[in-house]
Amino acid sequence: MTDKTKGFLAKFWYILSIAIIAITFVITMVRAYDSISRLAEMVETLTCRLETEVKERSRMDTVLSEKISDEREARKEEYTDIKVRLTGIDTTLVYITQGIDRLEGKK
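Positions 1038 to 1144 (our numbering) are the ones given, in order, by the sequence shown.
Simulated from the structure, these hints should not be mistaken for laboratory data. Don't be surprised by glycine CBs; every beta carbon is placed ideally from N, CA and C.
Derived CB-CB ranges, DEER-like: (1) I1064 to R1096: 43 to 51 Å; (2) R1112 to K1092: 26 to 34 Å; (3) T1099 to T1129: 44 to 52 Å; (4) E1088 to L1053: 49 to 57 Å; (5) E1081 to I1105: 33 to 41 Å; (6) A1056 to A1077: 28 to 36 Å; (7) I1126 to E1090: 46 to 54 Å; (8) I1064 to V1100: 52 to 60 Å; (9) E1093 to E1114: 25 to 33 Å; (10) T1117 to T1082: 50 to 58 Å; (11) K1120 to V1100: 29 to 37 Å.
No more than 25 Å apart at the CA atoms, straight line, and that leaves these computed lysine to aspartate or glutamate pairs for DMTMM-like: (12) K1092 to E1078; (13) K1092 to E1081; (14) K1120 to E1108; (15) K1092 to E1103; (16) K1113 to D1127; (17) K1104 to E1114; (18) K1104 to E1090; (19) K1104 to E1093; (20) K1120 to E1110; (21) K1092 to D1107; (22) K1113 to E1103; (23) K1104 to D1118.
Starting from the given sequences, assemble the full structure and let the hints guide the process.
This is how it looks when you write it as structure tokens:
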């Protein structure tokens, strides 16, 4: 080979290697950009899911609190009714006891 051919081949391989490096760099950057874009989409999706979950849990907590409050009120009414009945029974027992005491006192 002549020196001119060797010089041409050296330049050709040099330019080819730089082109391969540049193409590899561009492909790597495109892949990195694509990966970052997919990651950003995934983060956005997860953020939306988390926000939805937080809203749903908050709503469920509110519903549960309301149900607990309603149950407490219902039990308060039930306990009040029981107390009224017990008071009536106590009053009746007092009257019966007084009647027995009077009958025993009269005999």
